[in-house]
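Enquirer: Residue numbers (the working numbering), protein chains in the order written: chain U, 1 to 190; chain F, 1001 to 1183.
Quick caveat, the hints were computed from the structure, so don't treat them as lab data.
Think of the CB as a built atom: it goes at the ideal place given N, C-alpha and C, for glycine as much as any other residue.
Please note that a few of the clues may not be correct.
As the list claims (entries may be wrong) - Listing some non-contacts, in silico: residues in chain U with all C-beta distances to chain F over 12 Å:
#1 9
#2 49
#3 89
#4 140
Stated by the list, open to error - Below, computed lysine-lysine pairings styled on DSSO-like, alpha-carbon distance capped at 30 Å:
#5 U:72 <-> U:59
#6 U:172 <-> F:1044
#7 U:86 <-> F:1139
#8 F:1041 <-> F:1051
#9 U:187 <-> U:92
#10 U:72 <-> F:1024
#11 F:1044 <-> U:130
#12 U:86 <-> U:162
#13 U:187 <-> F:1044
#14 U:172 <-> F:1077
#15 U:86 <-> F:1044
#16 F:1174 <-> U:130
#17 U:59 <-> F:1041
#18 F:1041 <-> U:172
#19 F:1077 <-> U:86
#20 U:131 <-> F:1041
#21 F:1077 <-> F:1051
#22 U:187 <-> F:1024
#23 U:131 <-> U:59
#24 F:1074 <-> U:187
#25 U:172 <-> F:1024
#26 U:187 <-> F:1051
#27 F:1041 <-> U:72
#28 F:1037 <-> U:130
What the hints assert, rightly or not - Partial selection, computed: residues in chain U whose CB lies under 10 Å from chain F:
#29 28
#30 34
#31 62
#32 65
#33 66
#34 67
#35 68
#36 80
#37 134
#38 143
#39 147
#40 172
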Amino acid sequence: MTDEFSYSDEELIARFQDGNEQAYVELVNRYRNRLMTFVYRFVNDMEKAEDIVQDTLMKLYTHGHYYRNIAKFSTWIYTIAGNFAKTELRRKKRHKVTNLSQMGFDDREYQLPSVEPETGETAQGHFAEKKIQMAIQELPLHFRTVVILRDIQELSYEEISKIVDVPLGTVKSRINRARLQLQQSLKEFK
Amino acid sequence: MDRYQFEDLISDYIENNLSMSQRKQVEAYLEENPEAKHQIKSVKQAMASMKSMPGISTSAEFMNNLNRRITSEKEAKSVVKSTRSFAGYTPLMASLSAVVVIAVVMLGLEFMPESSNQATFTPAMTEQQINDLPVLPPKPVLPLKTNDSMLAESEEDSTNYDEDTPVKRNFDDKIQLVGDKRP
């Protein structure tokens, strides 16, 4: 364990702004998997999700000096990742509309190969995960973002409100609606 | 409380964010509607399922790829820096330096002592030659004439002008036409 663990995110970004690259590496290590989970659940494409997380962390490297200590660092970085993810989904949607007829065998969505043969329990777990992931993808984007941030990333309502830049009441209402819709979708999957 | 009001409060009820009176209203509704109880249970399950989903990790190549991108970003920056500088000066710094140098030279010329300027001239006359010049007698100082005094001295009255008899002037001796044989 290094000394960097004793620093808060905000202290680390301040050190990075002063030219300490080790602080940047520490921030990358803290956030890359969290961001990966958020983005993957959002775009449902492993390769694209990794690209988006890379873009987000590159943006942190090139535009780190733009961060001001008026909001939490996590709010700032999730906002960047969320914007990249939304842009990617819009691009994907346009691409799908124009190129649907030209899709070949190799254009299928990237999926991680299974390393171990699945036992009954893990297969059931994967099936359940897939069902939930599919249910999430059916949600409208403004519901999807907030419910992932709340129920998977476990962020506070206040932080989510800052990330998506909508009032707290709207965030609560959207999360409630998203949960009801998810519950309905999962019931249908059973 | 109707179904829609109940559905609006489901998350707050599960997360225990309702006031006492609202909570009592929801519980009363649940007592009357068993399907509402079932809905609460389903939403709780959906939330738990989301929470239990495994986290996703970046690939083993992630850090290498990121480092590569950072290195190329640094290289691109240094290329831009070097192409934008001349002998270590950026265009802005070079212009500022030129302005400062010109200003220093101008100020230096402005404040240069006059004796050093004179040294470069060769005087037309030496001091001795100036002393040898003959002394001229002083000119008599004439009294200044005013307009009134000049008018008083004049023999003609400038106001005595008769408009009916225009003055005829003879310019014959002054005009000579081309081919004129007059003497």
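Enquirer: Has the given pair, residue 1074 of chain F with residue 187 of chain U, been kept, meaning a C-alpha gap of at most 30 Å?
Expert: Between residue 1074 of chain F and residue 187 of chain U the Cα gap is close to 52 Å, so the pair fails against 30 Å, i.e. violated.
Enquirer: Restraint: residue 65 of chain U near chain F, CB-CB cut 10 Å. Satisfied or not?
Expert: violated, 14 Å
Enquirer: Would you check the hint for residue 1041 of chain F and residue 72 of chain U, treating anything up to 30 Å between C-alpha atoms as holding?
Expert: Outside the cut-off at roughly 34 Å; violated.
Enquirer: Hinted pair, alpha-carbon criterion (30 Å max): residue 86 of chain U, residue 1139 of chain F. Please report holds or violated.
Expert: violated, 102 Å
Enquirer: So, as I understand it, the hint says residue 34 of chain U touches chain F; can you test that by seeing if any CB pair is closer than 10 Å?
Expert: holds, 8 Å
Enquirer: Need the status of pair residue 1037 of chain F, residue 130 of chain U: alpha-carbon distance at most 30 Å?
Expert: It holds: about 27 Å lies between the C-alpha atoms, which stays within 30 Å.
Enquirer: Does residue 172 of chain U meet its interface restraint, that is, does its C-beta lie within less than 10 Å of any C-beta in chain F?
Expert: holds, 7 Å
Enquirer: Does residue 1051 of chain F lie within 30 Å of residue 1041 of chain F when you go C-alpha to C-alpha?
Expert: holds, 15 Å
Enquirer: Can you confirm whether the C-alpha distance between residue 1041 of chain F and residue 172 of chain U stays at or below 30 Å?
Expert: holds, 19 Å
Enquirer: Beyond 12 Å from every chain F Cβ: check whether that's true for residue 9 of chain U.
Expert: For residue 9 of chain U, whose nearest Cβ neighbour in chain F is about 18 Å away, the distance exceeds 12 Å, so it holds.
Enquirer: Closer than 10 Å between Cβ atoms is the bar; does residue 67 of chain U clear it against chain F? Give me holds or violated.
Expert: violated, 17 Å
Enquirer: Is the hinted pair residue 187 of chain U and residue 92 of chain U satisfied, with a Cα-Cα distance of at most 30 Å?
Expert: holds, 29 Å
The structure fails to meet hints 2, 7, 10, 14, 16, 17, 21, 23, 24, 27, 32, 33, 34, 35, 36, 37, 38 from the earlier list, while all remaining hints are met.
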